[in-house]
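Sequence lines, in order, name chains A and B.
Under this note's numbering, the residue at position 403 of the first sequence is numbered 403, and the numbers go up by one with no gaps.
Under this note's numbering, the residue at position 177 of the second sequence is numbered 177, and the numbers go up by one with no gaps.
There may be inaccurate statements among the hints.
[To be verified] In silico DSBU-like links for lysine-lysine, alpha-carbon gap of 30 Å or less:
| hint | chain 1 | residue 1 | chain 2 | residue 2 |
| --- | --- | --- | --- | --- |
| 1 | B | Lys155 | A | Lys35 |
| 2 | B | Lys77 | A | Lys76 |
| 3 | B | Lys77 | B | Lys154 |
Simulated from the structure, these hints should not be mistaken for laboratory data.
Now for the letters of each chain:
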Amino acid sequence: MSRHVAPQTWADAFAGRLSDDERAAIEQHAEGCEKCARSRARVGRASDSFASLRAQTAPELPWDAVRARVHWTVSKERRARTAPVPRRSRFAWPRRTWLALGLAAVGGIGVVIATQRTTSSPAKEPTIALARVAPAEAPSPPPAPAPAPLAGLVNRAAGEVRLDGVRPAELFTQRLVAGNVIATGDGAVDVQFGEASAFALGPGSTLELRRFDAEAIELAVTGTIDVEVAARRPGQRFLVIAGEHTVEVRGTQFRVEHVAEGTRVACRHGRVAVRDRAAEVEVGTARGLRIAPGTALTEERVAPLTVDELDALARATPLQLPLWDVDALARNSAPLSIATPTAATREVRVDGVELGRAPLAVRVMPGRHTVEAADHAGRFRRAGWVDVAGAGAGARLELPAERPPTAGIAARRRELRAGLDHARLASCTRSIAKAGLSGTYVQIELAVDEHGAVGFLNVIDTDLPSSTARCVRESLAQVRFRAGAAATLRERIDL
Amino acid sequence: MLPRVRRETGSTAALGPADEADLIARCRTDDRTAHDELYHRYRRQVAANLYRVLNDRTDLDDLVQEVFVIAFRGLDKFRGDARLSTWLYRICVNVALGRIRTRRRRPSAIGVADLDATAVDPSLVERPETPERTLQRQQDRDRVYRALEQLAPKKRVVLYLHEIEGRDLKDIAYLVDSNPVTVRTRLFYARREFYRLIAGDAALDPPPMGGEEGEA
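Let's have the full structure, built from the sequences with the hints guiding it.
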């Protein structure tokens, strides 16, 4: 290992997020590197202090005074809300009336005088003079500047995605602009087109970017689209056109499904207006509207969404990256392709965010990313690390083949429980217990082979300070297993 | 097995979901006793959350007031998709974020928290240590907060919630009203910046006692 260890890697090591090998490698490097040894010591001391920061209690405050102020503020607002609207002053009307009458009288006199002047001396108003005083032909207003065009970038793609009828080789470098047509086969695609604004096109769908600029966005869809859009500025329009219906929004997350069986609009939050030629219906938060083909919009009813439908909408939230400026994002991100060794698909998550079923590709920021894949039981297990260099240099990770479920998990779990040295564990946590911290835990991942040898023992989650976690891990490493079935298990141990 | 010690939160007992729903329903009817009950249950928790995020007790009572005013105003909109305590924590985070932003624009004079910071950590009183060790612990905590101070407000809050509070991405996303992907990216940069500050020392070391303003 020749490069210096990044300081946050030490934090990962102290938090038990590194494997033994990785930990050993950086420790070995630090032995011969003064800079990294110093960095390790400092990060370690900082990590140790987190527990005491977490345990800080509230200082004493003048609670009754605070309560009184809260009550005063809230009740004052309530009184203001419930107070009757003040009646207009009895004298306000006559005063205004007199003022209006006075102004009208003055205006009337002025009009009469002007008329008399005009009618009494028509010859004094030569045509040429009139021509001179007539305003010059008003210059035509400058043409309004064309609204700035928008561009979208693909953030996630799975399966077949076609752009203008072809399957682009570099989908993540394409900028989607007005006029583009995106079609998905069995896959799906997420496109970001602004800060906190993105859409996800579901499988078997087609989307045309009819208009895509700063003034208006018009998306014509066949199939399913999930949209999350930041609040629009006044004058900005956002329309989804689904057949003869249009869905207009201001700032919201919603889904439009336009298929042969009809059109369905479901709003997760915010409010959308659904229109046809004759009517407009508003769909609010957690409500949906189903429109059968050939029926008028007015006949349809808006109904609350079920929990499952809301959950589906939440899961379909388009993937967005926080950095938005199309050039900056294109420069500072790269696609990460996650492949599977067989035709089978597996749920994956990257850095803790569930992305759906691999194979897929996702736009990520430069740096190291953890990829986890779900096993047959739906539990996510670490599949590997990927270093993404950035600036368009993509990375690829092939998920390891899923290991068949081990039969001896329950037996190994019992052995682990029976072999715990409670006295030693208690001695590890004694110092933090004295400091008032209890109810702590460690979650470990353990692999035992058929001979009873421990393949690995990782602390994957804990709320203990790093030194205590180390002590607990050492204690757990002393547990001995008999020969039996090989097993890999995760276990949470409350301390 | 060690005895479990509850952390002092100021609430008399944890509310079950049904009791919590009942309390919220009564608060929505502007029941003064319900407001009092909610305040008494959560006041210390709110104050502690704000104090831990900000490390500053200047105007802490004003901030606690702000949190409860926002909470009482917004109870009608509380949909119950999270525990009341989590929802209050979310308000705390937003209020703290606002305070951090204001403080960055208008740095204040040394606060009471800074003066108190020189006092002995109360958690250490029960376990006497050498003065050197106590001082070192205090310096470590100061270094952490000094590094946090140098992060952008949003990064600071995300890093605090992840590294110190130990919350996961989904929790943090709810608390900061963002999505997990945004939080993940923000956290990535925040961690890198924070640990670089922690590891690379000079700017974070406190000025020597009675010495010059800082190190070269």
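Quick rundown of the hints versus the structure:
no.: 1; hint: B:Lys155 x A:Lys35; verdict: holds (26 Å)
no.: 2; hint: B:Lys77 x A:Lys76; verdict: holds (20 Å)
no.: 3; hint: B:Lys77 x B:Lys154; verdict: holds (25 Å)
Consistency with the previously given hints is maintained throughout, with no hint failing.
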